[in-house]
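> Sequence:
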Amino acid sequence: MHVRMAGLVWLLALSNTWIKADENAASDDPARWVQPEFWKTLDDKPATSSWEFSDNEIRLIQPRGGQGSLLSPPLPPNFELTFKYKIGPGANSGLKYRVRQFGNRWLGVEYQMIDETIPLTKLHKGSTASIYDLVAPSLDKPLKPAGMWNEARIVAVGQRITHFLNGTQVATTSVVGAPWESSMAMSKFFGLEGFAQPQDGDRIMLTDHGGQTVFKDFHFVAVEKTEPENQTDTQNAVSAPQLGNAMRNGWADQSSIVIWTRTTKNANMVNGPQFKTVPDKAGTWGDESELLTRQLPEGVELNEMLGACPGAAGEVRLTYFPEKKHNAAESTAWTATHADSDFTAQFKLEDLQAGTKYVAVLEARPVGGQEITAVVRGGFETAPKASDSRDLTFCVTTCHDFDRRDDGLLGHKIYPSMTALEPDFVVHAGDIEYYDKAHPWAWTKELMRFKWARIFAMPRNREFYANHTTYFIKDDHDTLKNDCWAGQTYGAVTFEEGVQLFNEEQFPSRSPRYHTISWGKDVQIWLLEGRDYRSPNSMPDGPDKTILGKEQKAWLFDTLRKSSAKFKLIFSPTPIVGPDRNNKHDNHANENFVYEGDEIRDFFSNFDDLIVFCGDRHWQYASVDETTGLWEFGCGPGSEKHQLGWKEGDVRPVHRFLRVKAGFLSGKLEYTDDQPNLTLQHRDVYGQPVSEFHFPIEK
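Okay, so the sequence shown: first residue is 1 according to our numbering, each after it adds one.
Just to be clear, a hint being listed does not mean it is correct.
[Said to hold, decoys possible] Cross-link-like lysine-lysine pairs, in silico, DSBU-like; alpha carbons within 35 angstroms at most: (1) K385 - K216; (2) K45 - K144; (3) K45 - K265.
[Stated by the list, open to error] Derived CB-CB ranges, DEER-like: (4) T277 - D609: 26 to 36 angstroms; (5) D55 - E224: 32 to 42 angstroms; (6) K276 - E224: 31 to 41 angstroms; (7) E350 - K661: 33 to 43 angstroms; (8) Q500 - T679: 50 to 60 angstroms.
Just so you know, the hints here were simulated from the structure itself, not pulled from any lab data.
For glycine and all other residues, C-beta sits at the position ideal for the given N, C-alpha and C.
Work the whole structure out from these sequences, hints included.
Right under this line is the structure:
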């Protein structure tokens, strides 16, 4: 009785919202805990083989060779448990609590016990008395060595769990809020819904991790909740900064990638009023303030509008590790975000492993603060070695915007469809958002930033880009306006400001913004930049008129000559083959750029299995240039509300497929008898194939 009352007094001192439960419950009887009838194996068999019960002790005498771990009967989830344990040299053991089944596995929070022959020099989430894999214990914990008795105490009361070792508190945490989410995101328990939360029917587990262990002197005190829990532990869930735009990445190769993020005021976008419908007459209106206020309802600010995801100052840190190898985690330094760059931050990761899936965990905290306020877990994949022969899946998409989304406030339907294909990488081939479309017209940098934050705050879009390796290409609508070139303006924004916003602020940055990456032995991709180097559309056609620019074109031709890849895949923001509409003037499928278009098509025709993929067009097609035989695939718009621009029945001689509908394009490289084969499919927004082409083409 003395031990139980001491536990009760301690609990009441900790919080007056908890009282002791039924003293006569069987789980409160210390003698019951050292009887074999109290325990069962994980497959519900009696504990009689590898465990020995005698002298008021429980001994694991046949580690790893017997019945495995033991489970108690269902117990109250809120309790104080004290026990003594002794482990053998080199042993690894533990006691788990709040244990329940997740799928076909029994899992719970673990009080770790391990032989620490070599003293630790840093906090370790797998050391003795840790909240295993989640919270490290104090370095100065009073641990007795293997072969001697240690006393452990666990207090699990509501959302707070605490570990004691030999009378000293060594680890504690709340199981709600951003700090806990951060611990879970970097642990093997990520994705287990409700893990560590109190739940009726929870159990205790004595683990068999392969080391001799002895337990004795169990004292279990159940407690129950009588008043609402103090909300201190959950307040951080709504504190700024948050990560409402999650993360996205770019420029992945075998050993590096760039990760982008942004700190925000809210965790999710605002569900506010709509913008006013006004004509696109920015040039005839007043200053920047008027360019904004004319589009807002009276008395409403921009950050209160539908989709708003306003920024907020903060600090961010990125932790990353190969999938299932969280003990190899590396973390960046904390980086502050600032208003002059829209509260964005970028991390270039180097020395990565080729062909590896990584987990990435972003944490946010206030500037100069210590408490984490937001956590996002995502991931990416690096390109395989250029010598590797491996299967590969990729997707291509274009033409999105917030106002023409097709899945309500969730975003766009294609994202779950692409996720189901498990692509190794995705190319967004431009027109990611439209500055020059209403609601609002992005006549100022503030409105441009608003549009980026809004479209990437939609849940489907945000989730997809946080978890997939992506290459982002820009085009006219997400640079400035339709068919734009250097020297132009839109409202109060110059072309050069639009380029800077995309290239350096809102997307993973790289200079120059063209690149080639090998994805294994047989696939090499080229990402082209179509706005930064182009001549004005109004310039007379000829050898000096260009879209790619002299340096990019020389690089493109040179790297193609040097490539030994079977399939050379060119990703362009605009068509090179087409056909395109007669009223368009800014791509290589138009007569406006025929000189450079012929030059590029002629050069590409020197290579077997070179294929062009383009964005820009709001219909899906596969075309073959009549002169050179060059294949081009238009992936089509990413939204059902964006399918337009071509007449469904207008099939030209160059067309091998035409569909004026939304969707995306997928590619799959597979090996048959060690020979690589590439299958390309246009798909609808639900992921259903609507075309199929096989390469190499049989001749």
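> Decide, hint by hint, whether the structure agrees.
Tested hints:
| no. | hint | verdict |
| --- | --- | --- |
| 1 | K385 - K216 | violated, 54 angstroms |
| 2 | K45 - K144 | holds, 34 angstroms |
| 3 | K45 - K265 | violated, 53 angstroms |
| 4 | T277 - D609: 26 to 36 angstroms | violated, 49 angstroms |
| 5 | D55 - E224: 32 to 42 angstroms | holds, 34 angstroms |
| 6 | K276 - E224: 31 to 41 angstroms | violated, 56 angstroms |
| 7 | E350 - K661: 33 to 43 angstroms | holds, 42 angstroms |
| 8 | Q500 - T679: 50 to 60 angstroms | violated, 39 angstroms |
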